[in-house]
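Residues per chain are reported as follows:
Protein chains: 2
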Amino acid sequence: MAVKTDIQIAREASKLSIQEIGKKVGIDEKSLVPYGHDKAKVSAEFIKQQAGKPDGKLILVTAINPTPAGEGKTTTTVGLGDGFNAIGKKAMICIREASLGPCFGMKGGAAGGGYAQVVPMEDMNLHFTGDFHAITSAHNLLSAMIDNHIYWGNELQIDSRRVVWRRVMDMNDRALRQITASLGGATNGYPSESGFDITVASEVMAILCLANDLEDLEKRLGDIIVAYRRDKTPVYCRDIKADGAMTVLLKDAMQPNLVQTLENNPAFVHGGPFANIAHGCNSVIATRTALKLADYVVTEAGFGADLGAEKFLNIKCRKAGLAPAAVVLVATVRAMKMNGGVTKGELDQENVEAVKSGCANLGRHMENIKQFGVPVIVAINHFTLDTEAEIAAVKAYVSEHGSEAIVCKHWASGSAGIKELATRVVETVEKDEARFEPLYPDEMSLMQKIETICTRIYRADEVVADKAIRTQLKAWEKAGYGHLPICIAKTQYSFTIDPERRGAPEGHSVPIREVRLSAGAGFIVAICGAIMTMPGLPRVPSAEVIRLDSEGQIEGLF
Amino acid sequence: MAVKTDIQIAREASKLSIQEIGKKVGIDEKSLVPYGHDKAKVSAEFIKQQAGKPDGKLILVTAINPTPAGEGKTTTTVGLGDGFNAIGKKAMICIREASLGPCFGMKGGAAGGGYAQVVPMEDMNLHFTGDFHAITSAHNLLSAMIDNHIYWGNELQIDSRRVVWRRVMDMNDRALRQITASLGGATNGYPSESGFDITVASEVMAILCLANDLEDLEKRLGDIIVAYRRDKTPVYCRDIKADGAMTVLLKDAMQPNLVQTLENNPAFVHGGPFANIAHGCNSVIATRTALKLADYVVTEAGFGADLGAEKFLNIKCRKAGLAPAAVVLVATVRAMKMNGGVTKGELDQENVEAVKSGCANLGRHMENIKQFGVPVIVAINHFTLDTEAEIAAVKAYVSEHGSEAIVCKHWASGSAGIKELATRVVETVEKDEARFEPLYPDEMSLMQKIETICTRIYRADEVVADKAIRTQLKAWEKAGYGHLPICIAKTQYSFTIDPERRGAPEGHSVPIREVRLSAGAGFIVAICGAIMTMPGLPRVPSAEVIRLDSEGQIEGLF
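Protein sequences, first through last, are from chains A and B.
Just so we're aligned: 1528 in our numbering is position 470 of the first sequence, and the numbers increase by one with no gaps anywhere.
Just so we're aligned: 1276 in our numbering is position 218 of the second sequence, and the numbers increase by one with no gaps anywhere.
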């Protein structure tokens, strides 16, 4: 029998009504704001009412450096959530929302895969509950109000060459990366350079995902630096008086979205900031709310553990006062082989030596996570062609390095395939050994924070930053931003800045090309290498084959 | 006691759940796709199932030329719907959705006013059910795919100087009216001129509002002309292969939105095309569905009857096979006074002579509507300071010209204030005297169609169009577009092209500045005067005072 595709499996799911899903974790019908019959937002009032309740245990799912072989981080997150429920624990899943634009370039990013998926998949890859549209509107309202302020006399004395707030669109449109705006004469304003990023790269997205509530959201929006004056003093969103209206536009988007897994377990899918120039995690409000409603909350971070888990722990957990009870590190035999030097074409052949050699990448991520004081368990996401000898090699390596690796078959079997991992995580959590600490204290200087991440996580020998960058960091410290954490934007494919260097390289150097202040989100971005904030479409975009079939179902999106 | 504001009245409304509203017109819970507890889309399946059922009676509400005094067309539409229900008729209302962008410039456009409103007002002025966001996404996906096609080799040989498809945003942003895109080097494409219109001006909006179903939608999207080659042959959306993906993005947006009046009667609020470069009516699918569900359907058209009703009748009714049973023409004593030469500051003083003189405007609209073979009844939307003598003057004028004028107090009293009008409309409809005919046949030449509207509706002496325009119209006839109706874009404040000429001017000339082909929507736009398709924000935009108050309610939007 042919293997079913993700979308076939998703469409065959027997979904419960979203009200029934809500009931499982104690959300009454009145507190659910439905979007269709299988999606709902959880009302802000309900969330407030949970404040006094005790928190469940937070489990982070992260991964080795991504390879073209695929690791299945989201699939494992979903599977583990189902696994917890299957062994009798009340568990929820928290993951990010997908961006619309990229779905029309390459095939859409499903929420999990095989028998570990979140549904309704079509909606999640399209407009979903409109959160990203709201973020786009709020962002662009601010852009329009800045130019409008200048147009009507520029009372704030904005240096029109130093407007740093661009525009956003949830579309892969390379033509908008760099534009000249306000052409065509006096009624259209003063000609100026501008450009568009994709919506997930908006600071508004990062802010929404880090804000505690609407009040905090409004404050952070007000803190955004939108431009500078000739004397280089900053002009804030608050000065433009856009923060109130932006908050109104984001009022509904701040409420987490409830959906379900194929096994009818509750999942929050909320927020989706870029994982390079932002922190790459679902919203704080979703994670916090889930912790009030469930005993176990499984969440994931973007990219590999060097970027994703590091930011999750140093930015999101620090800011939100969260502390994970355990980390699950996802690896695959195939990815180990690629880390061991095998090319994509040779992945189907057994190669135990390559697996052993590739395990160095896994090992370093394990070590790194332990630096944060959190126990780590390795999940081997099973692929059909993995051999016994290869699996044994990974298990032996992990065991030698003080952890345990557990084979998980949730892709093929749903929760039944991941009960062992779920059980071991519960055992680990119940030992109560986690003593979470961020890697660096707030008081450390900004440059030292960058160096700490580069040397202790990436294992670089040196960090190269020229005088302009060091001066800028000092200036921000003087301006009161010294306590902020660092968000490093670099390639996700390697510990180094060279995407080709797999495994666990040593003796490398990390050059800091640029630093940016996200004053509203509350972090300093350090950019190492080229970062693309507006993707383009490929030669044959998937949009060309996306359409409704004769039965009205979407084809080509998956 | 102080008069309550619209928003106070709206917030005090005791709304029924949207399921109960649906039940009133036979829509079961499964066929409603809820968006929160007070909004829902009606499922495409349900709509299909209504196909064989008989149609109710369609009543168009239109108005005299708008004046700064206000006419209350939407208020009367909503009031009349409630009025029909109050006298025991099963009635529905169909109106347009509001655009987001302008709400941040001037105060938001409420859906009706006083005790004749549609709720929830806040949502309808913000994201509502996401229809406009979907239209924005579909429009801009096509833009990105055009530039992407050129970027990857331009197989279709598009002349990059002749790309006529711009971009859209639902925001008042004058800086985007005219831009240079694809700057910054080879990876960003070929530098080109472009620009943004506001979303309601998108041809995609007009198409969604005229399409019969998803299949027709896809066909019309495919028909859009996006660019020309060097030999001036057109390149269609279909050639770019964007029509399928655009349809997928618009799948949910095609389903009409059900909300309720303050008196808990059902209303469809769906679609909102520009009333100048497009036809300015709510969607065909909403009107058609309402006709299947109710005995009386009240709808409105944009601007005054010379533009709005003319387009409703010649474009929407013709295309959709609709035939109104009666037209209600809204006038106010105050607007009559302004048409009679009184300034805004003098409106509060009785001036019977000015009312009499201003009635010429009303009279001409009455005559015009009768040309379409439909009976017309005048609704005098009552204002507190109207005097008996002024009202009597309007009534006498209308009576002398073969119709009846009825005073309506729905703003102050809801349905109780408009029962007389509702009763008279029912009596008129039951006489079955309507013999609707569009003003011109499909076969007439495009230039003759323009002349017909200008001479028979605007009562112009002549139409001025230079050779280039006449040649263009002939070329479109040769290309197979000769059967299309005309959509005239001109000032809404006068029968002439001069917004200052109130009343019923004669002896004027209409110059056609430009003609455009909306091949997907299916009409030819004739532009007479300056048309703004991307508004700007005012000196002090209302966004500056829009915010959430301490109780989480929106202030400043209304």
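Do not rely on the hints blindly, as some may be mistaken.
In this list, chains with the same sequence are indistinguishable; a pair is considered to hold if it fits within one copy or across any two.
[Claimed, not checked] Pairs of lysine-lysine, BS3-like flavour, derived with a Cα cap of 30 Å:
| no. | residue 1 | residue 2 |
| --- | --- | --- |
| 1 | Lys1277 | Lys1165 |
| 2 | Lys1532 | Lys1082 |
| 3 | Lys1309 | Lys1062 |
| 4 | Lys1111 | Lys1277 |
| 5 | Lys1489 | Lys1309 |
| 6 | Lys1073 | Lys1088 |
| 7 | Lys1147 | Lys1088 |
| 8 | Lys1277 | Lys1525 |
| 9 | Lys1111 | Lys1477 |
| 10 | Lys1062 | Lys1088 |
| 11 | Lys1073 | Lys1106 |
| 12 | Lys1073 | Lys1309 |
| 13 | Lys1309 | Lys1088 |
| 14 | Lys1489 | Lys1082 |
| 15 | Lys1299 | Lys1062 |
I should point out that these hints are in silico values taken from the structure, not numbers from a laboratory.
Hints not upheld, ascending by number = The structure conflicts with hints 2, 5, 8, although it agrees with all the remaining ones.
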